[in-house]
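*Asks:* Listed here are the chains, written in short residue letters.
Number of protein chains: 2
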Amino acid sequence: MSRPSLDFWFEFASTYSYVAAMRAGDAAARAGVQLRWRPFLLGPIFKAQGWDSSPFNLYPVKGRYMWRDIERLCAELNAPFRIPDPFPQNGLNAARAALAAIEQGFGEDFVKAVYLAEFGEGRQISDAAVIGEIITRLGHDAESVLERAQSDEIKARLRSNTEEGQARGLFGAPSFVTEDGELFWGNDRLDQALAWTQRRQEPQVRP
Amino acid sequence: MSRPSLDFWFEFASTYSYVAAMRAGDAAARAGVQLRWRPFLLGPIFKAQGWDSSPFNLYPVKGRYMWRDIERLCAELNAPFRIPDPFPQNGLNAARAALAAIEQGFGEDFVKAVYLAEFGEGRQISDAAVIGEIITRLGHDAESVLERAQSDEIKARLRSNTEEGQARGLFGAPSFVTEDGELFWGNDRLDQALAWTQRRQEPQVRP
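Line order of the protein sequences matches chains B and P. 1 is the number of the first residue of the first sequence in the working numbering; add one for each residue after it. 1001 is the number of the first residue of the second sequence in the working numbering; add one for each residue after it.
There's no promise every hint is true.
Pulled from the structure, derived: some chain P residues nowhere near chain B, Cβ distances all over 10 Å [as the list claims (entries may be wrong)]: (1) Ala1027; (2) Ala1031; (3) Pro1044; (4) Asp1052; (5) Ala1156; (6) Asp1188.
EDC-like mimics (lysine to aspartate or glutamate), calculated; alpha carbons at most 16 Å apart, straight line [as the list claims (entries may be wrong)]: (7) Lys62(B) / Glu1182(P); (8) Lys1062(P) / Asp191(B); (9) Lys1047(P) / Glu1163(P).
Hints listed in this document are in silico derivations from the structure and should not be mistaken for laboratory results. No residue lacks a Cβ here, since even glycine has one placed at the ideal position from N, Cα and C.
Use the sequences and the hints to build the structure in full.
*Replies:* Below, the structure is given as structure tokens:
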């Protein structure tokens, strides 16, 4: 019997996506759930709500809280943290490269390395050189992966990912969507989304 | 040695405050933490951010998700749930009455009963008769508690609670504030806030 799967929707500019990405793979493995890594862009979705930046910039009181909250969560996870400058970073190139890395089988490692560069080291993830360095460090050919990332096919895939996310009701990141279409928003919902996915395998106790 | 305390800030209109209120007392007791029940009003705080209603009404995509999320959380807690009409309810009278109930020693029971009337039974908590019924059911004198709730002293206390909340950086409800000023926002943060409060008692392992 194949493992049930859970879609993990993330955006590279998103702070809580960083925290989720650092732990989602291990948590899913422990739960016997296959995690599908789904990069998408929040920009178009925020625009549809009338926001031209991160809500954490638009609402400074909430933003101040978020930085402290992330700092605490990272301390619990033993994950490094610093505030990116600028925030939010432009995650377009990283998201395209993630799609190329996923199809070449090193998606999770790539995604975590990009988040660590961004939120752990303060690197500029909009910079193709930074992304190339990460690919090389992971033992892959930076030039060919970056070329693939800029192909029409990958560009279209990221657009259609984002459209699919919007159609599934996504309004923030990270989000988790189960095979039966349940949406769970936020790093805080990872465990609940995994539990929901596991219960899918046992229809008699399905909520 | 006195138990460490944690301030639980709640607003009667708030859906996630309902969920938190149903479990916060028991969770705090298990953790050996004294919970201080702090009613306040989100209206003035939302106005300062430019919102004239609940953000769940202003951002319908987020609102739709919230109702589903609350439904799932209530199912896990075995708490009843229905969407109040109208939403948000005006919680002013209930918040004043809560301050009176707290000073008379039946705060937690009162708060939970109001939330159950609102989110479990679809009652109008802006209605003094509904609040009076709850007070009576809890074995107290509705007339005198309601009179106390409308006193200048209680009205001023609710205003100063709200101002204190704003000064402490509150921007939503529920929120938890520790003795050393750490702010935790959301029902999801109850356990973390309790753990933080417990660690306060053991300075050597304080994060």
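*Asks:* So, for every hint listed, does it hold in this structure?
*Replies:* A quick look at each hint next to the structure:
Every C-beta of chain B lies more than 10 Å from that of Ala1027(P), the closest at about 16 Å, which supports listing it as non-interface. Distance check on Ala1031(P): its Cβ is at least 17 Å (rounded) from any Cβ of chain B, clearing the 10 Å threshold; non-interface status holds. With a least CB separation of 13 Å from chain B, Pro1044(P) remains clear of the 10 Å interface cut-off, as annotated. The non-interface label for Asp1052(P) is consistent with chain B: the shortest C-beta to C-beta separation is roughly 15 Å, beyond 10 Å.
With a minimum CB-CB distance of about 24 Å to chain B, Ala1156(P) clears the 10 Å threshold, and the non-interface call stands. Interface exclusion of Asp1188(P) from chain B breaks down, the closest Cβ pair being 4 Å apart, not more than 10 Å. At roughly 14 Å between alpha-carbon atoms, Lys62(B) and Glu1182(P) fall within 16 Å of each other, so this suggested pair holds. For the proposed pair Lys1062(P) and Asp191(B), the alpha carbon gap of about 20 Å is over 16 Å, so the pair is violated.
As the CA atoms of Lys1047(P) and Glu1163(P) are separated by approximately 13 Å, the hinted pair is consistent with the 16 Å bound.
Going through the hint list in order, the structure does not satisfy hints 6 and 8.
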